Amino acid sequence: MNFRLYIIAIIAVFSVTSCNDVIDLKLDDPTPVLVVDGFISNQNTIQYVRLSSLENYFAEQPPNYSIYKSATVILRENGSDAGTYVFNEVSEQFELHYEGVVGNEYQVYIKLPDGSSYLSAPELMMDPVPIDSIWYDTYEDDGFGSSDSGYTVYIYASDPAGTGDFYQWKSFTNDAYENEAGDLNYANDRFVDGQEDIEIQVYSISNPDFRDVKEESPNNKVIITIEQLKISERYYDFLALVDQQFDVGSPFASPPAEIRGNVYKQGEDDVLALGYFYAGSLDKTEIELEE
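Here the sequence shown stands for residues 20 to 310, numbered as in this note's numbering.
The hints are simulated quantities; they were obtained by calculation from the structure and are not laboratory data.
It should be emphasised that the depicted structure is a prediction, and the values quoted were computed from it without experimental measurement.
There's no promise every hint is true.
Taking lysine to aspartate or glutamate and the DMTMM-like style, the derived pairs with C-alpha atoms no more than 20 Å apart in a straight line are [unchecked claim]:
no., residue 1, residue 2
1, Lys130, Glu246
2, Lys240, Asp156
3, Lys303, Glu246
4, Lys130, Glu108
5, Lys303, Glu108
6, Lys303, Glu197
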């Protein structure tokens, strides 16, 4: 997620006695803002919530996911407490072994060490849409100056009749989640409603990267896992806003927009945490890439 701050500083330098005056620009650190990254699926597995804080933009350091490790984080199902997450010191996230149920609504309740509390808006667990099949193809130099070649992975899936379905696809290379900016993959069924055997490109890897992954793999294999998630329209809109921010700065980019999540501070509904807690029903499959 990109949050860009543009500061224009005009410094006049006068050469009077052959020395320079250094002007230090000091900015007050902003009030820390809670950042929430959480997800619950219909799989019987470890569900997670990660908490961090957005503080000084200019601080060159990764997010501190342990900053709120003493917080209380509770999963709510249909408005009732369903389980309490426990902080894992190794993964630096709150974890709960749970299986979401299709048709139920889910929220996360967060109480920070300072006593403030947050609650996410309800997210409905919808019926998953199965992946029909998975396959891959190789690609070569496109003839336009690119010397790249590699593999592209596709799936076939069918969309249920009736508009209003929203999807996200996640890819994993030997169980490592591909979560760079260019890996964000989502869509709606506006132009494919009710169609069968829809071909969807979900992953690609260059030959150099493929060889690196294969060499690092203990079994000398490259396994690609694809998850197809059925998500809410609100989370789809959130992903679209996040995606827009990646293009800020190009001549044809959309103006920066406020990215509003779904986690509200209790007692102050106009105050939102950054990030999102969402429910996604998923189906997954995998394929081995071979030379």
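So, going through the hints one by one against the coordinates:
1. Lys130 <-> Glu246: Violated: Lys130 and Glu246 sit about 31 Å apart, past 20 Å.
2. Lys240 <-> Asp156: holds, 17 Å
3. Lys303 <-> Glu246: Roughly 4 Å separates the two Cα atoms, so the pair holds.
4. Lys130 <-> Glu108: holds, 19 Å
5. Lys303 <-> Glu108: violated, 28 Å
6. Lys303 <-> Glu197: holds, 15 Å
Taken one by one, the earlier hints fail for this structure at numbers 1 and 5, listed in ascending order.
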